[in-house]
Amino acid sequence: MSYTDPNTIGRVEVVTAVSSVSKGGDSIGGSILVTPKSPVFATPVVAPAVVGPGGAPASPIVAASPYPPVPYLPLPVPGTLRFGPNNEVLATGTVSAFFRGNNNGVGVSANINMNINMANDHWSLLYNGSWQRATNYHAGGNGDKVLSTNFMSENHAVTLGYQNEGHLFTFRGAYQNIPYQGYPNQRMDMTRNRSYSLDALYKGAFEWGTLEARAYWHQVFHKMGFLEDRFWLNHPMIALGRDFGYSVKAEIPYSDQDLFRIGNEFHGYRLQDYWPSDPTGFTQGFATPPGSLSRPFANVNINGGQRNRFGTYVEWERRWTPQWSSLIGVRNDIVWMDTGPGQSYTPFIFPNSPLIARANNLAVNIFNAQNRARTDINFDMTALARYEPEPGSLYEFGYSRKTRSPNLYERYTWPVAGPFTAMFNWFGDGNGYTGNLNLKPEVAHNVAFTGAWRDMSGANNWEARISPFYTYVENYIDGARTGGTFNTFPVANSYIFQIMQFRNFNAELYGVDGSGRVKLHESPEYGRLQAVGVVSFVYGRNLDIGNPQYCPPGNGLCSVASFLIKKGDGLWNLMPANARIALEHQIGGLSMAAETQLVAPKDHVSANKGEFTTPAYALLNLRAAYDWSNMRIDLGVDNVTDALYSLPLGGFDLTNYSRNAFLFGRNAGLASVRQVPGMGRNFYAGLTVRF
Amino acid sequence: MYRPALLRGASACALILASLATAKAQVSLPQIVVGAAQGTPTPPPLDKANETVVTQKEIVEEKPPETDTAKLLERQPGVSVYTGGGVSGLPAIRGLADDRLKIVVGVELHRSEHDRPR
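For the protein sequence lines, the chains are A and B, in the order given.
Residue numbering for the first sequence is 168 to 858, as defined by our numbering.
Residue numbering for the second sequence is 425 to 542, as defined by our numbering.
Chain B extracted, bound-state conformation:
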């Protein structure tokens, strides 16, 4: 059972080593963070008070300890997470959870969340 795990771990290490090995001396350029803009030094305008946004910066910070996407939201005011499986917690906002929330992950996949817990 652990053989595929080891193999995948090894190939991941190999990938990192490979990127280390492709060393080239080049001109320094600003880095690109794939997906979203970086933390902003200037304060953005207060246009929306009713929502908070988890940006790429926070995701990058919290990804190492957290295995579950729902857990990334736990630092937002009013958000808590029901314990489920290791990658399947159910988020709750202000005491209302699960189906009672609108959860759109790119597309809306709501009801299947319920196929899980048995």
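In isolation and in its complexed conformation, chain A is listed as follows:
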């Protein structure tokens, strides 16, 4: 998700329940489908009108306001900026600026769309750009700065669109630059990240149906290191990644009742992951005496890694009666991957080589001696039944079988010893991870039910949705303790982190989530007042690892017994039960909201990974926005009460821990072990101008 900026997004589809095979593939959970802002085509010369779904004219004002509109604004009226001898060029756009108080965050973004209309040819050019930066944020309770939460990022995208007689071509080029970005729960920070992408899209309507074809290429240069608030030395770690591929999808309405979707896609990925050599040992500082030649060569973790996926699917949607409809889909994905031989810092052992170097050297030799090519042939299927007894109520029941093949790091990470393994961690738990060539793809069986209801009286007074689910995952890939541990280098006898290896387990997850909206009042005098709410609950456990949660602290026998009876350790980073309830008021162009977020304590955790429990908390957010015809002002306060809370999914605050351990020694380090805290009170403001 980090490859796109909120400014460049047109809409996002979030498939949480059973996702169809056309929206899945090589995944076992839901789907997030982001549609970037696409070029807008306007009809020539005639002023463009905004049309809502179903052809109804969209009104920017909800209830007719008794207050007269603002008589004069010194701004061009949106949608009127035209150029060219015959006014064939129409320019529209928005320019926004943001300010966030807690972390001195500033951001600017712009969208500019140019339409050129000539006879039947319609051209459109869209530019999206944004830039933002922030310093470290303050925790709540007038708290300290949370180190390594600063960042700067910049995104630019240019989209050229051409439309003619039902055919649309789009070419998009995007550039992203993240000069620095702190990661509080990781060992290192991002010190440089540049990504370039090109994307061509064709959409066509034919007599038999619609066709969508896409080809893309993406390259990223990525460097991790230390920002100055974490550590004073630097030892970069570099990854070069490249994605490329195509997808073709046809949607064929076979009859009034039947719709077929057929698709095929290829996704290639190439990766080079290495840590440059350090012959003098200088960047390790005091870790090794200079001149000990401990790192004469580059440490190559993934050497020419490649992962390819070829996927094909067929999907059939049928409306049997006006009430009943069904969707059935099958999908095949062939995933093949390979990597070249790895190389350790020290291909040769010297008499004074440290033990860690010897162990890793042995590991890479074993890794290189094995056949590393792997091919997985995966089958997915989805079956969904939909029942709509009358307009305004809908019930959906579905089952899906979904498969994900391991990624390159899960299979091919070969370092086994010491803090080296801690560099392969995207969980944020501080532990070290090592790969496993024998991993099998994980397979999820998911059943979900969804009920949705809406007031169809025309007043649209309420709506509600609830969706319980159960997922059983075979071969769930997770870390298993190898028995190896390490301290934070070089502070001895401090916090003990585990060295884990990826293995296959069985796991289950179940829960329920829902949302609702009730209109409390609507009148021309007072506008519209409504309450909206969202609740989510999920429980998950690893069926192969014991759960020592109920053992008294320090009772080793109970912990061992819990592992033997296999009661199910918690899965890492599951959000505890939580709810968001908001009161929204809107009159004319003014909208205001008060939102409260209630989060239960997180107490069922992954003891295997040393996950922390987190206490319950409640946050209050306030926001207001005023919309003129061509201007919008946003003002808000998040976390009004300045509550100090731990982010349930924040992970181990490694920057805080290791900085204190390095500077003030073991005891200070141990005293500062904590979950990453959330942001304290934050005032923000935004200004948007449209033309």
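Distance windows between CB atoms, simulated: (1) 552(A) - 481(B): 27 to 37 Å; (2) 548(A) - 481(B): 29 to 39 Å; (3) 495(A) - 481(B): 32 to 42 Å; (4) 692(A) - 481(B): 18 to 28 Å; (5) 481(B) - 413(A): 29 to 39 Å; (6) 663(A) - 481(B): 48 to 58 Å; (7) 471(A) - 481(B): 40 to 50 Å; (8) 365(A) - 481(B): 24 to 34 Å; (9) 546(A) - 481(B): 34 to 44 Å; (10) 481(B) - 690(A): 17 to 27 Å; (11) 481(B) - 660(A): 52 to 62 Å; (12) 628(A) - 481(B): 11 to 21 Å; (13) 481(B) - 536(A): 55 to 65 Å.
Below, simulated DSS-like cross-link-like pairs (lysine-lysine); rule was C-alpha separation at most 30 Å, straight line: (14) 686(A) - 481(B); (15) 416(A) - 370(A); (16) 416(A) - 607(A); (17) 495(B) - 390(A); (18) 495(B) - 481(B); (19) 312(A) - 495(B); (20) 734(A) - 607(A); (21) 481(B) - 416(A); (22) 481(B) - 370(A); (23) 686(A) - 495(B); (24) 390(A) - 312(A).
Hint data in this document are derived by calculation from the structure and do not stem from the laboratory.
For each residue, glycine too, the CB sits at the ideal point set by N, CA and C.
Got chain A sorted already, so can you dock chain B onto it with the hints?
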């Protein structure tokens, strides 16, 4: 280090001022929101129960406080976000995160998400 930041901030202000300065008295027309249709006064039909959609209206509302795209999804039922960098949180749906989800940002760029955390 802050000089480019200031320069860019200043040029952004200049852009806004420039658009303020190009004042013209013209006929009022309905506004165009680039990208997607606006909030709808009439209820759309309940055609899909298994997915929720974050529209341009919600993005516009939540963009001022949020720096991260993943955070825009946090108000959807069942969605949570693992903390990462300021612009690089990892979304989770019903307890399954990251690689286990199908994340398509126009194009599919899945594995590179992992190059980041170290």
